[in-house]
Every structure is written in structure tokens, then in C-alpha cells.
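S.K.: Sequences and hints are given; from them, build the entire structure.
Here are the chains, one letter per residue:
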Amino acid sequence: MADLAIRDPHVSPVLVEGNPSLHEVTTDVAQIVEGINRKVPKEWYMALALTGGLTMILFAMLGYLVFTGIGVWGNNQPVGWAWDITNFVFWIGIGHAGTLISAILFLFRQKWRTSINRFAEAMTLFAVACALIYPLFHTGRPWRAAYWLLPLPNTHLSVWPNFRSPLVWDVFAVSTYATVSALFWYVGLIPDLATMRDRAKGLAQKIYGALSLGWRGSARHWRNYEMAYLILAGVSTPLVLSVHSVVSFDFATSVLPGWHTTIFPPYFVAGAIFSGFAMVVTLMVIARWAFQLQHLVTLKHLENMNKIMLATGTIVGYAYATEFFIAWYSGNPYERFTFINRAFGPYSWAYWTMISCNVISPQFFWFKKLRTSIPFMFILSIFVNIGMWFERFVIIATSLHRDFLPSSWGYFVPTYVDMLTFLGTFGLFLTLFLFFVRFLPMIAVSEVKGMMANEAMHSAVHGTAHGPDIHAPAPVSEPVSGGLHK
Amino acid sequence: MIQITKKLTGKKYWRSLDQVYQAPEFQDWLNREFPGEAAEMHDEPSRRNILKLMGASFALGGLTACRRPVEHILPFSKGVENFIHGKPLYYNTVMSLGGTAVGLTAETNEGRPTKIEGNPSHGWSLGGTRGYHQASVLSLYDPNRAGVVLNEGKNSDWNAFAGHIQNLQGSFGNGAGLRFLSEPLNSPSFAAVKKHALTRFPAAKWIEYSAIQTNATAQPVIPRIAFDKAAVVVALDSDFLGLDDTSVLAVKEFVRGRKITNEDSPVMNRLYTIEPQFTVTGAAADHRYRIKSSEVGAYASALLSAIQSQSNPLKVVGQGSADKAIAAIAKDLLANRGKSVVVTGPRQPAAVHQIVHQLNQALGNVGPVVTYLKTASEQTRPQIDAFKELAGEMANGQVNTLVIMAWNPAFTAPADLEFEASLKKVANTIYLAQDVDETAAASKWVIPAAHFLESWGDATAPDGTASIQQPTIQPIHDGKSPAELVAAITGYKDQKAYDIVRNYWLPTLSGGEAAWKKALHDGILPAAANTGTTTPTFHTSVASPPAASGFEVLFVPSWSVFDGRFVNNAWLQEAPDPITKLTWDNAALLSPATAKKLGVGLGDVISIERNGRKVEGPVMVQPGQADDTIVIPVGYGRTKVGHVGEGTGFNAYKIRTSDSFGFGTGFNVTKTGRTYPLARTQEFDYQEEPKLIGFQSDVSRPIVREATIEEFKKEPNFANEMVEHPPLRSLYGDYDYSRGQQWAMAIDLNACIGCNACMIACVAENNIGVVGKEQVARGREMHWIRLDRYYTGSVEEPQAVTAPITCMQCETAPCENVCPVAATVHSPEGLNDMVYNRCVGTRYCSNNCPYKVRRFNFLNWHLNEAEVTKMVYNPEVTVRMRGVMEKCTYCVQRIQNAKIQARTENRRWLKDGEVTPACAQACPAECITFGNVNDLESRIAKLKQSPRNYAMLAELNTKPRTTYLAKLRNPNPELQPANAVEEHRG
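Just so you know, the protein sequences line up as chains A and B, in that order.
Note that the first sequence covers residues 1 to 486 in the numbering used here.
Note that the second sequence covers residues 1 to 986 in the numbering used here.
Think of the hints as simulated: they come from the structure by calculation, not from any bench.
Where a beta carbon is used, it is the ideal one built from N, C-alpha and C, also for glycine.
Please note that the accuracy of each hint is not assured.
As the list claims (entries may be wrong) - What the simulated footprint calls covered on chain A by chain B, stretch by stretch (three residues with Cβ under 8 Å from a Cβ of chain B suffice, anywhere in the stretch; the number is not a length):
hint : stretch
1    : 64 to 77
2    : 159 to 165
3    : 339 to 346
4    : 423 to 435
Unchecked claim - To give a feel for the contact side, a few chain A residues facing chain B, derived at Cβ under 7 Å:
hint : residue
5    : 139
6    : 168
7    : 255
8    : 292
9    : 293
10   : 331
11   : 333
12   : 404
13   : 407
14   : 408
15   : 409
16   : 410
M.R.: Set out below in C-alpha cells:
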């Protein structure tokens, strides 16, 4: 059991259990990939059939949408955006956890991030891939939107996108986010890809070899790697805050009551981190059970993530309260009505789902027993994601359906195309995950070992008995590299 | 190993064998620019050679002008006279509906009519139109129109029909078995044909019938009421602003008394409506009371006694309810002798009309305000009596040949007369059919009717002004006009419509051919003035519905389909009823108390039954309706109709009997337990926010701002003071709009009655797509201008206001900032321009529009459109594809045309009134004023100075170019109405 009582701040708690050697850490993770590929278990195929089927449904629904029109969804006047933008913000939000773990926790030197950062960053990339479907396909003419939203030179001299529009800022923010996240993830992968290369044979070796860019584990390589990693972490960090702030500007810069409020950027960012961590917990709980990684992704890691969920969930709850207060305090009748309508109008069922899932449920994590209970945190993390989806839906649909002129008030009901498209994006997400798990080491082995070695050095220097004794069986002086151990 | 890939350039062809053999001479030759010897000068340059060269180049220099021999081709320049390709041509014509003629101007493009406007010279149009007239052009292109002569259901042709008529001639005799059934006549040339027919066949009979009775008084007179001469109007079950008058004259005249011309001392007329249903007239009223249809007679009598007993001082007792208001109304009428009027509508029996006439006489209104004009019709008996007699004769087999020119009598006839069954007993039924409807299915011969836009005819307005109806397009389906049909059957001297009309009028015109041309050009003919009478007679022999317990059912025309003839007209079906905002269906309207008593709500299907006849239909709750009364618009529920009108509504004619033509008593209602979906364009009817929870404060949004005229006098600026907001400043500097022409619009809420003419005019002008019932229910209707109707006051006794909402063309438009591809931009003249081909359809602009005036093409609304329907499109306006946003453009195509025209006349500044958007042009109440706000002499500039002028949602700093003139009501100070206007403060 991990010891969480910290007396000496120089001594970190046990983050790798069972006292494995560095080599054992490598094999634990690499053998997952190699084991699957040696003889692909039927469970993987079954899972792929399910998620792949959902992905096919996604493509079918998108094809139907493009050929017939936005009318196959439930969007109408006044609710011009409904599930499409809700899902977009939902998926982008989920991605933020990965970047926070990778970048911000790195800069804060939170060592516990090493077991989860690759997994979380992969989740970010796949979430962004799912998210990007929506800005393109929610347009009435996606075959035009594909390039008119980008500042490409054209024959019409000065027909550029309208840079005043938050949707254009979105284009830049999200594409930057996707690019930087991909780069960051890839750079971090290089030493581990080299490990895989060194252990692999045949075609696998060639592919891993190409991808690992000739990594030899030399000191120079490591120095360049650390520098690149640091820079990318530095670049990614502001993205955690800026990307979702820009997404929130889609709403905050409009005139609609319920949207037009300055609290949105911090509120959205907190919400994004909240939902992202919940998704990481959900997936991690499954993965560590499926692949026997409990010693690398310990209860401590999960507990830390739950603590972040508690913190950000509280911020989100505080933001709700602030919104309500300001709506009343402002005296603006439109604003007041919007919030009363949210809580007591036709969409009150969505509103109260949101409140119970987002405000009430994370508070359970004050109790250590609950935040260290695997079944409880698994269920709670799903509730949090449901709640966060409803938060975006409540923001979008309730502000749109009853705005300034009562004559244009309406109601939105989703169609089966809305629902299947959303379900299909989960299929895409999970399909990408299945491939990730099969072909790439899901834990950043080099970073974990680096952290372990660091621990060992600390223990040796400070002479305490805390921490695992990682010296047995390999000697301390053995170079800690990701490449040369077989 | 590095391999240099061969570049593929195709086969290499050699020029000559020498090339192949690489002869050195050939190499030389190959490498020269001119293989001949022109590149060389063999002699050394001497003076002589130089001069030779100079001379040659000088002489040959002119050869640069050499070119191919010129061949002239000749364009086909034999064009159509007066036709400039791309410019529309306008033709004056006239349309009759419900016996009333309205002069129209049809705009034709490339030889086909695409838009209807009112004819400003015609007394019953004065430039305005109703929705029916605007939509008539779509009916012309209806793919389901009757197109082929049918003989017992099988395709035939006119020649076969003519042959059949030949055979019939012998059997006619003196016409004992010959009957003609037509719409009420107001066509002099047709009257001449009729006269000839009845002269030739003296025993034949001619019956006039229309499903919507427009005249319950006496034939052949109809009342002509000059509403602009009345300071007080009392409407007893009369929708004179709405469907009880299909022309626009009543609206025009009444609104003259509503508009404030002098704001320092404003004067308005006063309207009391006492009615069972909530009509647009009731919405315009200063005082509205609801009573049952059967009680109107008693009310009129009570009012009459109150007027006649003026010797007793009138005391105003109590407040609000109809009875207690009688004294106040009587007092008001007496104070306005000679300049007031009491009117009643066609649904009331003749006895009530008689009482109303007596009222007007007692008040001295007959003469100055009310006169009775002779109609062109010669039917002296009540219409229903004549029709009953015909039905009886048909059932008895006394009718041999029946020529039907009335619209669909088998569908609209009173149910007790069993007309459709009787039709089968007539040996020869000949029906002039607009479409293959219920009557056509029961008729032997079906002749396609010509639409008024494609045939010759004429019509007289009630005052005698005649108009020639001239065709604007070749008949699309070889249809015939009614005159042509009768002429063919009875052997009239002229057989073609052109001859019939022309040969009737030409002898009467003193100017001959020139006068005929002038008549066609102007759209009106000076004709014998119609003298009025002040002593009409009333057909009180026609019984009123007996008093009975149970429910009363009121049969009213429909704003969309009138009596059912427009069921296949998509523009009309999609235009919402002005009060209920229901589209594509009719409903059984119940008052809130009655609905509660029955335990039904919106969409619950009820069964309405009397004497074994029943019909089922969905309920709609109508605030302000009389209790225990069911109001049903007629004309729906047709079984034989095209694909547009199929499956819309339920058939109220099934329970309408000859003794309940306007309304009936003694009906029973039962719930069926089923529901039926109803599609409305507006689902929320109040400016007051709904009370969702107890601690909510009462907030009424000041969108349509209203006050009484007394309040206005005390506080002229009340409209702008209804909303407090901080100073409106923008982070960006304001654009300078003080130069150039700046377009703006002002809408006078005092004048708007909510009649939908502007909506349908806009649809016609701008090629707006029709989406259908399911999509309207989803909230995706495409109207660029909509009429928002809000109720104020209590649910039982509400008042209503209507505001037309278009794109406000905001100077700081919220939509422009947020479009990612800059598809909506601002023009230097103040218009918000929507660029369709740039729009990618993110819908952010619509989300950000606080007025929600932007419309998105969610689906392809023009999928599988019939080729003939595409002819209705205005070629000056793009037809938008799916995925693109659209909205009102202030009819920018008209503005551009006017600017081009002005430019050709060497001026840039447009005159006031030179360009009018479609909505402003169609409006019968002239409530929309458009113009250049920088032209200080223009009407719009003056209206913008009015204290009543306010901008909707001004506190958002959108700076809309379309502003509103606040509504004023003129209540009787002695009557504290139950529907008092609430004061909005803050």
C-alpha cells in the first residue's frame, strides 16, 4: 500500500510498487505490445469489431449528413447549434487533461505523471481527432468550409477569413493544439520506440526503427531530447489554458444571455480539465486491470487524479454559483430569465443532471475511502463526463432556445442521426485507442525509469529508507537508457 | 544503385531522312531560325542595300494591318416590341375573389408572371394586395392543375367536348333542364354572355353560389362603408379588416384613422369589436368583447334600444364586460352622429343586418358613411335559397345539364343538401375545374379552367370601376374562362375570351381603339358610376340558427385556403394564420375555459357532431374566444387534391348545413383520446416571461411597445423610456453614415393588422423556399419577414398586437462579427449584405442575431420541384442552395435596379419612393415606410423623428435601421377595460 503521509518534502511517496528493476519495468510494458502482436487475442478483435462498427456508423451518418443537409440533425431556428457544438466542446475539453499531465505537471516536476502521461496524451490526440469532425461537418457546406476557414491565398485577392470571428480563432487554436500535442507525444515516444525497435524483429523492427529516428541513447541524444521535451512542454502549457479559452470565446463574445459572460474562459478551462481527468480515470482503470499495470499506475496516481477532479469540480461548481449570482446582481432581465429558465424551464432535467453530476458527485472525493476505491471512482468518473456533456448542452441549448424575442422561442429535440454520430465518435476514439494499445507502449517507460533512478539517487544521497530499493539486482552505475537493455 | 529515370516525353518524330542520317548540311538547316535563306544577306552592307532595305521595310510596314478577310455576321435582331431582355414588363389586370375585384399589376419576366402588385389606380387596391393576390401567381404554376379535358375520368379534348355540346343542343329545348351554377358575378362581359344564354333558353336558371357568403343583406346591393369617415366603428362579429373583405379598401380607409399625422395633437378613431372569434379586427380594436355568435343579435338590439332611448341619461355601469359597455358604446356613438358606423359580418343572419342598418340610420350614418351599392349580380333571392332549390331539382332529376363554374360545390355545399350525390343524378354535368377536385370526380365533363393570369376577362369594383383582365402568359394548359365555356354551350356570337371581352367593351368606349388600349394600360375603365341606395332590403326570410344548448360552431374562411380553393398553394399553406400562427392545417379553436371544461389541450382530437353528421379535428386553445364556441376555418380536409394539399386539416363542411351557413348551434363534442400534431410558426405568445417559479418577478419584455393615446399625449416619449439602459458606447469608433444614401425602414405598429400580405409578397419576390409541415414543426420555416403576435392582458379577455419583424440591418450587427468566412458584410449604404456563395453555414450569425431573423437552408427545399413550378422564380434573386444562410435584404435587387435606372438618367440620388421593398409595396395598411434616411425631405426621415419611434432591443447597441412606431390605442375613457394596457417602467 502506498504511504501517503509525507513528512519529508524531499522524499516522494512510492510511485512504483513491488520494487521492480528498471528492466522489469521495460518488459512489463513492452511485453503488452509484443504479446498482443504475437497472437492477437480474440478479445482485441471483439473489441475492435464493436468500436470499428461504431466508427463505420459514424462515417455513414456523416455521409448522410453531407449528402442530405444539416436538417437530418435536430438543429433548428433558434437552436442553430445543439449536439454538434456540444460534442465538439466535449471532446476538446477531454483532451486538456492529457496536455496538463504531459506539460504542466512536467513543469511542476510532479513525478507521478510519468506513469500516465503517454496514455493521457494519446487520449488527447484521439479526443481532438473526434472533436475536429464537428467544426467541419456541422457546417452547411463542409466541402467549402474545409478550406475557406483557413487563411489560404486565393484568386480573390483579399478574401481572407474574418479574423474577428471566434470560429476562426478556434481554427487556429485547435489546429495548433493538435499539432503541438502530436509533436509532444511523438517526441516523448522516441526513446520508447527505440526500446521497441531493439526488442523487435522483422517488419516490426523496421517500422519502429523508422519511427524512432535513429535513437541510440547517447548522451547527446538525451540532451537534445530533454531540451525538446522541455520546449514542447513550455509551448503546450499555455495551450491548456488558451485553447479552451478560445473555444469558450465562441460563446462569450456573442450577445446571447447565458453566453455573454466573462467567466467563460476560466470556467471552461476548469471544466475541461475536470472532464479530461475523468476520462483518463475511466480509461486508466480499465487499462490497468486489463494489462496488469497496477504496480506502475498505482492507487496513488489514481488518487491524485481524483484530487484534481475534486479541485476542478469545485471550481466548476463555484463558477455555476457565480453565474447565478451575477445574473441576479446584474439586474438584466434577459440574463435573469435565462438562468431561471435553465433551472426550472423545459430543459430543467438537463440542468439538474448537470448539477448533480458536476457539483455534487466530485465532493465525494473529500473522503479518502471513496477516492481510493476503484469501483467508486470508475462510476464517478463516468458521471462526471455525463455531467460535463450536459453542461455544454445546457449552455448551448438553453441559451439559444429562449433568447430575447419570445416569438422565436423554440425547443430542440435530437434525431437519431445526432445520437448515432455522437456514439460513432466514441467508436472512433476507442478504435484509435485499441490500435494505440496494440502497437505502442502505453506507459512512458523511459520516463518512469528516469523517475525511479532519480528516486534512487535521492534516497542514496539523503540516506533514508524510504523509497524502493531499486539497486537490486542491477547496479546503480548501469546507465539508465531506454535503448540497450534486452 | 542510383537510377536515372527516363523522362517520358512521347514519341520522337523525325523531320526528314536527313535528320535520321545526321547529314551535316541538314544539321545546319535544322538549326536555322528560317530554313530558307532569309537570315542571310549575301551582299555586304552597301549604301544601296541599306536604302533598299529601308524602302522595303517602309513599304511593307503597312502589312502589319493585314489580317484575315473580314466577314460580317448578322444577329437575329427581330426582337419583341418593348421587350428589353432582362427587364421585367408590367401588365395591369384584375383578380376577383369572393365577388370583390382588386386591380393588380403583374410583373412578368421573360414572358411569364413572377410577381403581383396592387394597381395604385384601382380603387379597391390603391397599390395594396392581400395574401391571396400575392400567392395567386404560384397557383398559375401548380403542377396539379387540371390540364386536360376529362370525359368520365378519361382524357379527352376540347373538340370532343364541342361535339358533345353539338349533340346536346337539340335536347336543351327552351332550357327547362339547363342550369348554370357560377360564382357571384361581377364581370360585365360575362353578364352579357349570361343574358344571352338566358334569353336563348328562357326556362334555364342561373344560380350564383359561393362557399363563403359575403353578402347577407339584400341582393343586389352590398354595403359600401367609408371607414375613413368614421370616428367610431363598432364591429359586431365583423372581420372587416380581415377575411370579411378580400379587397384592401376597408384596411386602407380604416388605417387612415389610426395613423397619427400630427403628433402634437394626435387624433385617432376608435374601434369596438364584439365578436365570438379572435380576428385581426379584434386585435386592432381599442375595446374587444367576446360574445357568442347567437348572442350578437340580442346585443345589436340592446345597442339599438340604448341609442333610441337617448332621452334617458346614459349611465355607464361597471367595467369591462360586454353588457355593461353597451351604455358607453351607445354614448360614444351618439356623440359621433354622422361620423360613426356599426358593421356586422356575413356570418350573422339578415335579421341582424337589418338591426345594424337601423342603428346606422338612427345615428345618421347612412349616407355619409354607409351606402349600399348595386352589385353586378342580378340574383335577388338569398343565395342559399337559390342553391337549395337547385339541389332539390337535381335530386328530383329535373336537371338535365348542369354547367358548374363555381368552385367545387360538391365539397363546399351544405351537407344536408347532399349535393355530391345529386350530381350523379344529372345526366350532363360540365365542370370548369381549377384542379381535379371532388366536384370534378363527380362530373361527367371536366374542362380545365384558365387562371386569371392567363385569360381575358373583366371585373367591376363595387363602385362601378371596371378593369380588363388581360393575360400575361399563354395559357399553360389550354384552359377556358367561364365566359368561354358558356359561350360555347349557348352559341354566343363570340367564342374566344378575347373577342367576348373586347367586343363587349369596344362599343361602349368613346375613344375607340385608343381608349381600349388606355384601359388595358391603366387597368381601369371609366364605367358607369354605381349609384348607391340608402334603403336596402334584407332577406330576413332566411332563418337564423335556432337557439339550442350545446356548442356553437362558427364556420370561418381560412387565411390560407379561403374556402378551400388554395389548398394546393404552398405559399398560402405555409403562411401562418395571423392569430393562431397555425400552418398547414386547420384546428377546432376553443376558448381556454371551454378547453379546460372538456379536458382537452393543443392537439387533442375531438369529435363534433350534430344530427348524425360529425367530423373529427384537433383542438387549439384560443385566448379571447367566446366560451362554448368552436371556431373552424373551412376548406381543409380535401380528399381529391394535389400533393401539396394532401392530408392537410379536416373538413368542416361535413357538419355545415344550410341553416348554419355562417354558424350553427346545438353541436355535441366528445373527446376521442387521440392526438394530432399541429405545426405553428410561433409557439410562445406573450411578452411576459412565463412564471417558472414562485420567486420570479413579473417581467414583461418591452418588445412591442404600446400605450393609450392619452398616455402618449402626456408622455410623448414613452416608447423610448420603457427601457433603461446605460449609455450605448462601442469599443470601436462608429462608422460615419452621414454621407451617401442610407437605407432605413420604419414600421408603424398602429397600422399593421397582421394580414400576411407582406410575408407572401416577400416569398414571391425573393424565391423563398417552402419547407412543409414537418419542418415548420421543427422550427425551420424560411420566411424572411414574420409577424409576431403577442397577447396582453388576461387569457380570457386579451388584446393582441402584431409586429412585422425583418432583418434590422443593424449598423453594428452582431452577425457580421462572428461569421468566420466574412459571408455577411456591411454595405456603405447601410445594408447588411448576405453573400450566399461565400456562406459555409456555421449558423453562428443566426445564433448571434438577437432578433432571430436569419434563416438557414437546413435541407434542399427545392428537391424534386416540378419544372412548371420553377417558372415562378424571380430571375433577379438567387435561389439559395442548402447549407446557406439567408435573410431579408431590404429587396436589394430593387434598390440596385433603381440605382441603375437613376444612373442612366445621370443622377445618383434616388427620389423618395423610387424604390419600395416588396413588403412595403404589398401592405394594405401601408405600415412599412422605406427610404433614404439621409434625405431630410423623405417620409422615412420624418418618421424617424417621431417620439413614438423606437428601436427594438436598442439596449444591445445593435443600432437597427428598421425601427418601430409604438402602438397607440384609443380606449373610451369611461370604460376601464379589463384589458387595460399595463405600464412598463424600467
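S.K.: Determine for every hint whether it applies to the structure shown.
M.R.: Going down the list of hints, with the structure as the test:
no.: 1; hint: 64 to 77; in the structure: holds (count 9)
no.: 2; hint: 159 to 165; in the structure: holds (count 6)
no.: 3; hint: 339 to 346; in the structure: holds (count 5)
no.: 4; hint: 423 to 435; in the structure: violated (count 0)
no.: 5; hint: 139; in the structure: holds (5 Å)
no.: 6; hint: 168; in the structure: holds (5 Å)
no.: 7; hint: 255; in the structure: holds (5 Å)
no.: 8; hint: 292; in the structure: violated (47 Å)
no.: 9; hint: 293; in the structure: violated (43 Å)
no.: 10; hint: 331; in the structure: violated (9 Å)
no.: 11; hint: 333; in the structure: holds (5 Å)
no.: 12; hint: 404; in the structure: holds (4 Å)
no.: 13; hint: 407; in the structure: holds (4 Å)
no.: 14; hint: 408; in the structure: holds (4 Å)
no.: 15; hint: 409; in the structure: holds (4 Å)
no.: 16; hint: 410; in the structure: holds (4 Å)
Taken one by one, the earlier hints fail for this structure at numbers 4, 8, 9 and 10, listed in ascending order.
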